[in-house]
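Please construct the entire structure, taking both the sequences and the accompanying hints into account.
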Amino acid sequence: MNAGPRQKAAILAAAFGLAVVWGAPAHAAVDLSVGIRHVSDTGSLSDCSAKARESLGAFLAPATESHPGEWLAVSKNGIAGTPTAAATVRCYGLSKGYVVTFTCAVQLPDNPYTADALCLDVAHTFYGGAVSVLPPIPTPTPIPTGCSTVNLVGTWVDDNKPGLTFTMDLTGNVTDSDGVSGNWGLRGNTVTLTYYGNHTLTLSADGKHMRGDGYSLTRKC
Amino acid sequence: MFRRFAFRTLSAAAGLALGLTLSTAAAPAALDVNVGAQKVVNGVPVAKCNASAKSALTSVLGNALEIGTGDTGEWKGTASPDSSGNSFGAGAIHCYPLDDGYVVTFTCAAQVPPNADTASAICDKLTAAFGSGR
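These protein sequence lines map, in sequence, to chains A and B. So that you can map any letter, position 171 of the first sequence is 171 in this note's numbering, and since no number is skipped, the others follow by simple counting. In this note's numbering, each residue's number is its place in the second sequence (first place is 1) plus 221.
Hints in this document: simulated from the structure, not taken from any laboratory. Any given hint might turn out to be false.
[What the hints assert, rightly or not] Under the rule of at most 25 Å between Cα atoms (straight-line distance), these lysine to aspartate or glutamate pairs were calculated in the DMTMM-like manner: (1) K96/A / D321/B; (2) K260/B / E70/A; (3) K260/B / D345/B; (4) K96/A / D320/B; (5) K275/B / D321/B; (6) K76/A / D338/B.
In structure tokens:
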């Protein structure tokens with residue numbers, strides 16, 4: 001599709017806007033990209049919607065339409081197990097053609113690319129232009145299965161109260177079998193257990209026991 | 222005797238408070254994006270949309286920046302940064318002229334936690350602050 005004068009002006013303005021914001025390093029934990037707008041003198045709202053869905057799907061998970069012409073897509077889960085990037089493409093039908101805006105957000109530093117980079121790729125896929133290869137989003141660290149002894153993740157049994165168990169997860173949470181929560185930390189073989197106060201325990205050389213401060217726990221394989 | 226009892230009681234209370242604090246601080250942060258409202262305002266020039274967008278972003282987020290050169294109608298605001306200079310919330314307002322009026326949309330993002338407001342809450346506040354746009 002050839003761009004008319006109106007389209008070219010819109011694209012030029014958007015590109016200039018991007019150039020203005022591009023130079024600023026993204027220190028923010030939430031990075032929002034705004035400013036890319038495209039006007040088409042031809043086509044309908046449904047044409048815009050079809051292209052929105054396709055362009056979002058090229059970089060993110062399948063898009064969903066919240067209202068006619070308004071699309072949202074998110075990335076796959078990042079290292080923390082939640083999406084770290086998202087983009088919206090919003091179409092509005094005009095008397096002739098349509099106007100569409102592109103807005104993107106990423107969570108830094110977990111996401112490997114900026115919101116501007118994502119929005120530029122989605123927009124260029126929509127109306128044509130150079131598309132950059134975005135770095136892959138790091139996959140979540142799998143929770144060890146079985147009796148891994150490299151950390152404390154897993155289930156532990158209280159040697160003094162066999163009915164009491166502790167489930168420790170990868171994010172440092174501890175939950176006992178009664179639903180009481182706390183936290184764990186491991187440095188070397190020293191375990192810090194925050195559970196009804198702070199306790200220091202020692203992890204055995206084989207990684208299957210930890211004892212100290214009145215606690216004696218055995219890893220359940 | 223009493224001093225020892227008081228010390229132990231205070232120590233236990235402090236330990237419990239610390240434990241509860243730490244146990245509630247482990248929730249993973251998640252990116253939250255909201256496709257907010259779209260409004261069509263008839264009989265009013267887009268300049269009014271731009272003025273209302275700037276005012277709404279400034280009142281809700283503390284700042285407003287029109288992206289690009291001239292009256293682009295593409296507005297952005299970011300939540301106040303923390304002590305490390307990081308901002309965890311942002312909002313965008315897009316104004317576009319129509320033959321008789323304008324169309325405005327609201328889009329927001331937040332990282333929750335630590336941001337107190339979800340993306341939806343930010344967009345709701347922006348929409349309310351924008352008002353009728355007349």
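Taking the hints in turn, this is what the structure says about them:
no. : hint            : result
1   : K96/A / D321/B  : 14 Å, holds
2   : K260/B / E70/A  : 13 Å, holds
3   : K260/B / D345/B : 13 Å, holds
4   : K96/A / D320/B  : 11 Å, holds
5   : K275/B / D321/B : 21 Å, holds
6   : K76/A / D338/B  : 23 Å, holds
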